[in-house]
Structures are given as structure tokens and as C-alpha cells.
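Novice: What follows is the residue order along each chain.
Protein chains: 2
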Amino acid sequence: MEREEKQIFNEHLKRAGLKRTTQRDLILDVFLDTEGHVSSEDLYSIIKAKDPSVGFTTVYRTLKLLKECGLARELEFHDGRTLYEHDYKHTHHDHLICTGCGALIEFYSEQIEQLQDEIVRHYHFKPLHHSHRIFGICAECQKAQKAAAAKARAVSK
Amino acid sequence: MEREEKQIFNEHLKRAGLKRTTQRDLILDVFLDTEGHVSSEDLYSIIKAKDPSVGFTTVYRTLKLLKECGLARELEFHDGRTLYEHDYKHTHHDHLICTGCGALIEFYSEQIEQLQDEIVRHYHFKPLHHSHRIFGICAECQKAQKAAAAKARAVSK
DNA sequence: CTTAGTGCAAACCGTTTGCAAATGC
DNA sequence: GCATTTGCAAACGGTTTGCACTAAG
Numbered sequence: 369m370e371r372e373e374k375q376i377f378n379e380h381l382k383r384a385g386l387k388r389t390t391q392r393d394l395i396l397d398v399f400l401d402t403e404g405h406v407s408s409e410d411l412y413s414i415i416k417a418k419d420p421s422v423g424f425t426t427v428y429r430t431l432k433l434l435k436e437c438g439l440a441r442e443l444e445f446h447d448g449r450t451l452y453e454h455d456y457k458h459t460h461h462d463h464l465i466c467t468g469c470g471a472l473i474e475f476y477s478e479q480i481e482q483l484q485d486e487i488v489r490h491y492h493f494k495p496l497h498h499s500h501r502i503f504g505i506c507a508e509c510q511k512a513q514k515a516a517a518a519k520a521r522a523v524s525k
Numbered sequence: 369m370e371r372e373e374k375q376i377f378n379e380h381l382k383r384a385g386l387k388r389t390t391q392r393d394l395i396l397d398v399f400l401d402t403e404g405h406v407s408s409e410d411l412y413s414i415i416k417a418k419d420p421s422v423g424f425t426t427v428y429r430t431l432k433l434l435k436e437c438g439l440a441r442e443l444e445f446h447d448g449r450t451l452y453e454h455d456y457k458h459t460h461h462d463h464l465i466c467t468g469c470g471a472l473i474e475f476y477s478e479q480i481e482q483l484q485d486e487i488v489r490h491y492h493f494k495p496l497h498h499s500h501r502i503f504g505i506c507a508e509c510q511k512a513q514k515a516a517a518a519k520a521r522a523v524s525k
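Residue numbers (our numbering), protein chains in the order written: chain A, 369 to 525; chain B, 369 to 525.
The hints are all genuine.
Just so you know, same-sequence chains aren't split out, so a pair can sit in one copy or run between any two.
When the alpha-carbon atoms are kept at most 30 Å apart in a straight line, the in silico BS3-like pairs for lysine-lysine are as follows: (1) K494 - K519; (2) K457 - K418; (3) K511 - K494.
Calculated from the structure, these hints are not laboratory results.
Given the sequences, and given the hints that come with them, work out the whole structure.
Specialist: Following this line, the structure appears as C-alpha cells:
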């Protein structure tokens with residue numbers, strides 16, 4: 369039983385007059401096996417382990433195809449990182465990003481989505497996608513910071 | 369009568385044990401004269417015209433200082449562009465970004481801000497800043513697209 | 001057999017860094 | 001004088017491109 373995503377990908381290739389190749393199949397398989405957020409390097413190193421002959425270039429080119437057909441979503445960060453996550457049949461969400469440890473917390477607010485709709489309507493703007501990121505310090509890192517501060521005070525006494 | 373921003377900048381320098389230089393003064397002046405959104409290249413070329421001896425490096429380094437002391441805000445885009453806008457006494461806002469012409473439309477929603485506050489509270493997340501961008505096609509570009517489509521139909525007849 | 005895809009190396013682009021000379025304090 | 005800043009050139013890092021070769025349809 370084939371995964372639906374593979375059909376979507378193959379149809380996308382056919383529609384665009386592109387060819388199905390072993391590399392593309394492999395890259396899709398590896399991407400489908402991932403969970404959460406992966407970088408192009410992450411993907412590349414998994415792929416490299418399975419078939420060392422595949423080049424970084426092909427990974428990039430295939431990720432572009434995965435984005436085009438709605439299987440992958442690209443997330444960009446202020447520090448230059450780019451991560452990919454599954455987009456097919458995954459409900460839309462946005463992210464809290466910890467500037468301490470890089471943790472990503474997904475959030476979703478129906479109310480915010482509705483307010484966005486009102487805003488774009490007001491400006492006669494046709495939305496294609498959005499990126500809503502809140503940067504800050506996660507609960508874990510706040511604890512760590514407090515512990516470190518307490519230690520520093522103890523030492524200075 | 370000095371602009372308040374200059375005092376803020378000079379105090380920031382003093383506090384950090386940094387020096388006031390002719391380059392930094394010039395770069396701040398040029399930035400204060402801008403409106404809306406400028407890129408580092410934009411700034412550099414204006415500065416270059418006033419004093420060709422200033423290097424790009426110094427512009428970058430000074431922009432970093434302007435961010436630190438809350439005079440400038442940095443905006444990043446999916447296409448690699450980075451723009452700067454005034455941050456001091458400018459009410460917070462987010463952006464609609466036209467993928468057609470690159471136009472930026474500022475928006476602000478008190479309700480969205482409040483919902484964000486609720487979300488971060490729920491995750492015990494300490495927010496530092498956020499970036500909320502809606503990408504799409506602005507009203508102008510939609511008109512242009514429709515006109516182009518109509519023309520294409522007329523030709524094909 | 002024709003067209004698209006591949007891997008490699010080189011190019012790219014905006015940004016950052018190492019350094020010796022210059023400048024502010 | 002001492003530390004910081006400067007401009008330059010070189011490095012950087014992630015991504016893209018040109019090209020000769022390979023493989024899919």
C-alpha cells in the first residue's frame with residue numbers, strides 16, 4: 369500500500385513533464401520518514417547514509433519540488449536556519465521559537481486566523497501564506513537562567 | 369535642538385564603553401532621515417554619496433548598534449532581503465508583503481496582540497519579539513494580473 | 001533518441017571576521 | 001597611551017548555477 373504522498377509527488381512530476389528518478393524517490397522516502405522539523409543538512413546526511421552518491425544539489429532541487437506540490441513547508445529563522453516540515457494533511461500552525469535552545473513550539477489560534485482574514489480583506493490583499501513567529505525564552509531555558517543566576521549570586525558572596 | 373534619538377544612541381555608546389565616531393554619527397543621521405523601509409544597501413549608497421570613505425562593514429556594525437538601543441527594527445523576508453525601519457516611538461506593527469511587487473503594507477491588531485499574549489502565557493514562554501508576515505498579492509498586482517489575463521484571452525481569439 | 005536529471009565544482013550574495021592602521025577618550 | 005574603531009580583503013555558510021555526463025521515457 370503506497371502512501372498517498374507518493375502519488376501526489378508522482379502526479380506533480382507528470383503534470384510538469386518531469387521524470388521520476390531513484391534519487392527523487394529516495395529523497396521523498398527519507399522526508400516522509402522524518403517527523404517534526406528537519407534541515408536540508410539533516411535530510412542530506414540521512415540520504416547520504418543510504419546512498420552516498422546522491423549530491424546536496426539534488427536534495428535542494430527535490431525539496432523545491434516537495435514544496436511546490438504541497439508536501440513540504442519551509443520555515444525560516446532569523447539566524448539563517450531553514451527547516452522543513454510536513455505540509456500535507458498537517459493542520460496549519462505557527463511557531464514559538466526559543467532563542468536560547470532553538471526549541472520550536474507549535475501553536476494554532478483559530479481566532480488569530482480569523483483576524484488575519486479580516487485584515488487581508490480590509491486591504492483587498494490576496495493571501496498566499498503567512499509566517500507568524502514569536503521569539504523568546506522557553507520555560508526550560510527560563511528555569512536554567514534562574515538557576516544560573518542563583519549560582520552566580522552564591523559564588524559572589 | 370537635538371533629536372531625542374541621538375541622545376539615546378550616544379547614551380547607549382557611553383553605557384557600553386563605546387566611542388562616538390564621525391562614521392556612527394553620519395550613519396545615524398542618514399538612518400533618521402529615511403522613512404519606511406530601507407535595506408543596508410540603500411543606506412550604504414546614501415552614506416557613500418555623503419562620505420565615500422565609509423565602508424559597508426561599518427554600516428552593518430552600526431545598524432547592529434541601532435537595533436540594540438531600540439532605534440531600528442530589522443525585518444527579514446523569505447527571499448533573503450533584510451530591511452530596516454524606525455523602531456523608536458513607532459508603534460509596533462506587522463506586515464502584509466506582496467510577492468508580486470514587494471510592496472509592504474503595515475497592519476496592527478490589538479486583538480491579535482492579546483491572543484499572542486494568551487498563547488505565550490499558556491506555554492510559559494517569555495516573548496522577546498515577534499514577526500507576523502502575511503505573503504500574498506496586493507490589490508494593485510491583482511488588478512494588473514486580471515488585465516494581463518484579459519489581454520491574453522483577447523489575443524488568443 | 002530526445003529531454004530532463006545528476007553530481008561536481010565554481011559562483012553567488014549578503015553578512016561577518018581578522019588584521020594593521022587610525023582615531024577617540 | 002590605551003582601547004576601540006575603521007576599511008579592506010578574505011572568509012563564511014547556505015544555496016544556486018553551469019556544465020559534461022547519465023538516465024528516464
